Amino acid sequence: MRLNKVSFFDLENRKELSMNDLEKSIEELRVNNDLISFSYEQIVKTFSQVYRLMAKPTHPLYSKLRHLGLSFFLSFIHSENLRHMLCDSLGKEVFSTGRREIDSKRLCMVSPRGISLHWLAGNVPILGLISVTLGLITKNKIIIKLPSSGEDYVSDFLKTFLSSKIDDEFQCVGQAIVKSCIVTRFNHLNLEASNVVAKYASSRVLWGSQDAIDFSSKLQSLVPSELISFGPKLSAAVIDEALMDDLGYERLVTDIVLFQQMACTSPQFIFVKGGPIPKQHVIDGVKNAYERIKKKNAFLLNQTEDSSHSMKKLEYSISLSIKGYKLHSKPEDGLIVYEGEPDINCFGYGHHVVGVTSFENEHEIRSKIPANIQGVYYVYGDLEELFNQLGDKVDRIAPVGQAHSFELPWDGLNVLDKLSHKSILWRNN
Amino acid sequence: MMNPFLENTLPYEIGEKDKRTFLFDRLSQLEAFHIRFCDDYKKISQNLSKQNLEIEDFIYIPAPIFKQHELISVSKDTIKKMINSSSTSSNTPSKVFFDQNTLNLQRISVHNLLTSFIGAERRPYIIFDDRKTAQGKNSMSARGAALMSLMGFSKKFFFVMKEKNGQLNLDMDALSQALEYAEKEGGFISYGFTWILHLVHEQLLKNNFQFNAGKLKNVYFLHSGGWKKLLDKAVDKETYNKNIANVWNISPSQVVDFYGMAELVGLVFPDCEYNVKHVPYYADIIVRDVNSFEPVINKPGYMQFISLLGQSAPTHSVLTEDIGEIVSIDSCACGRKGKAFKFIGRSTKAEVRGCGDIYASK
Chain A
1 MRLNKVSFFD LENRKELSMN DLEKSIEELR VNNDLISFSY EQIVKTFSQV
51 YRLMAKPTHP LYSKLRHLGL SFFLSFIHSE NLRHMLCDSL GKEVFSTGRR
101 EIDSKRLCMV SPRGISLHWL AGNVPILGLI SVTLGLITKN KIIIKLPSSG
151 EDYVSDFLKT FLSSKIDDEF QCVGQAIVKS CIVTRFNHLN LEASNVVAKY
201 ASSRVLWGSQ DAIDFSSKLQ SLVPSELISF GPKLSAAVID EALMDDLGYE
251 RLVTDIVLFQ QMACTSPQFI FVKGGPIPKQ HVIDGVKNAY ERIKKKNAFL
301 LNQTEDSSHS MKKLEYSISL SIKGYKLHSK PEDGLIVYEG EPDINCFGYG
351 HHVVGVTSFE NEHEIRSKIP ANIQGVYYVY GDLEELFNQL GDKVDRIAPV
401 GQAHSFELPW DGLNVLDKLS HKSILWRNN
Chain B
1 MMNPFLENTL PYEIGEKDKR TFLFDRLSQL EAFHIRFCDD YKKISQNLSK
51 QNLEIEDFIY IPAPIFKQHE LISVSKDTIK KMINSSSTSS NTPSKVFFDQ
101 NTLNLQRISV HNLLTSFIGA ERRPYIIFDD RKTAQGKNSM SARGAALMSL
151 MGFSKKFFFV MKEKNGQLNL DMDALSQALE YAEKEGGFIS YGFTWILHLV
201 HEQLLKNNFQ FNAGKLKNVY FLHSGGWKKL LDKAVDKETY NKNIANVWNI
251 SPSQVVDFYG MAELVGLVFP DCEYNVKHVP YYADIIVRDV NSFEPVINKP
301 GYMQFISLLG QSAPTHSVLT EDIGEIVSID SCACGRKGKA FKFIGRSTKA
351 EVRGCGDIYA SK
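As you go down the protein sequences, you meet chains A and B in turn. Going by the working numbering, the first residue of the first sequence is number 1, and it counts up by one from there. Going by the working numbering, the first residue of the second sequence is number 1, and it counts up by one from there.
Do not rely on the hints blindly, as some may be mistaken.
Stated by the list, open to error - Calculated lysine-lysine pairs in the DSBU-like style (CA-CA distance at most 35 Å, straight line):
(1) A:LYS295 to B:LYS50
(2) A:LYS323 to B:LYS76
(3) B:LYS342 to B:LYS81
(4) B:LYS233 to A:LYS159
Derived by calculation from the structure, the hints in this document are not laboratory data. Being a predicted model, the structure only gives us computed values, none of them experimental.
Work out the full structure, taking the sequences as your base and the hints as a guide.
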């Protein structure tokens, strides 16, 4: 079969494998318990060293990810953050000892779930690295299914754990981490390989489009499998036009344009209080802020220079027109602003397209906001009412300007409890 | 419906200045027609139109839009054919709809344009493809449409390849039969997708196949389709033409590359003897800067094609993802008037698209 080739990462290099080789590697992974013998603290310390190595311009990922969220990823794997996440999810006692005393007779024991399958998407590379990190700090053995095309950042990341420049403990933990990983790449239509990687996965962390999520979540597993879906998600902004000023618009537009609008945290549309039609000065506020950012901080826009970018914008403009949206900018403008209810098919990933729509009261936002909202960023007065309406639909509600500036880098991403297994151990009488 | 053709006028005999006046008036009429009869185009126009003072001011539709939307300006009942151009990366083909009027315009245009390069005489037609490619009463691939566009020059046609398990193979018996007939008739024309023709000739060269077509009259090998795979293999146009010419003992100038795509309804752009392509009086090319979309001359950019043939769908102004350059106006040594351009290649990260991309990807 033409599609049955897979590639994988091992200690030395990447190899092209047959399906049998992949199955054999997974069998070996099943019996591998190297990582479980280390404490959470040892693993955190190892990540801390990786943090230092990746922060250097000489690291292979430094230049590749410098404009694609490297600093965010570094803050994510910073020891302080990892400790914070583990303590928050599993408890301080568990972080220190791997167990929690319930009473004199019983202990709550925390262990990894086993094999964790990470089905990655290609649009935001650091999310793949975050996914891998989530799996590893919970001591799971992980199978990483890379997107079928695009660069393999994960292998470069894992190779960092093999650096010989650090101490012995780093090398022991680092090698155990790498041995606990299989990185595969195969065409997403390859059902045979997909079933092989899912066969023993007791958890699946899924990223990507709805089609990819649906496909990967339906794969059969021989063990019960916890599904953790991160995609597809998107974000929105909710603003009260009466509270907006130039700075507010600049923060809002910065949230939109950072990461080329490809992150799930990037607002794709703006809800404006004051309906029924967004006032022209709101649209002008957004457009003018974009122009100011272009002049003052053009690096933030960081759009790709390939020529298909402008073509894609033109396509969006035409598609939006055909769907009946009113455009407030021309395709050649940097930011395409359109007016109308959010349309799940009209998001401008990578191309700076934002929709503006109005609402008169908070109840109305609830009905208008699409499913799968990651974050809502606000300039708004009545936060309590906003939370009452949206709290159960979104992962994160933060002020405008904070879409990508996580004070808590794990905000919205902490699934460590789902990647761990808790069991009760009765002491001997 | 508007007749885009002038009586007793050859495709390339009107100079740029007169052509612009001719085109502008008719293009305005055509745009008004599409705004009136195509709801989707009307919506586009409401958002994007500006005052049309020059041909360059008219709205242009990016070719990928025809993959995402079905744009039609005539009643659906009158649609006679749909041409698909496939795409390897999205697997979503463009859909271009033809009514009888547009089919007629397409046929007349292709015939007149190619006549200027290969003559009007009907000859045996050897097709380096499988018969299945040309099948389909109501719909057809762009590759099928390209090979069918030469049927007007055919006295008798021969498909000389067979597809088996997704692989096209040369049928030597069919080829021998075709050549026997061609020898009797004293000439032939031939068509194949660029990449397929290359693979066939690699095989023919390997088998030491030789045929003296030099003694015959009016022999032409026409081909169309992407060059990416060939350029990856360091096969440039000169080498390509020589390889084919050597097998058949003909001049490399008898190997003719023509550019076309489904969205360009009836417009084909063969290379002239000076290796540039020409635009007939009822069409135009505008090359646009890849970032600003400003029109440019003597500089590479996206190729936009204006055409009076685009009547059953708003294909009268299409911006392709292909990069080209206008190299002269009214001054090509071949004598053809109007703009002359060179096709440079696909734009970066653009989808591989075209009639033979299934084979290009293998």
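Hint check:
At most 35 Å may separate the alpha-carbon atoms for a hinted pair to count; A:LYS295 and B:LYS50 meet this at roughly 27 Å. A distance of roughly 20 Å separates the Cα atoms of A:LYS323 and B:LYS76; the hinted pair therefore holds under the 35 Å criterion. Taken as a hint, the B:LYS342 and B:LYS81 pair is honoured in the structure, with Cα atoms around 30 Å apart against an allowance of 35 Å. Distance hint between B:LYS233 and A:LYS159 is fulfilled; the C-alpha atoms sit about 34 Å from each other, no more than 35 Å.
Consistency note: the structure conflicts with none of the earlier hints.
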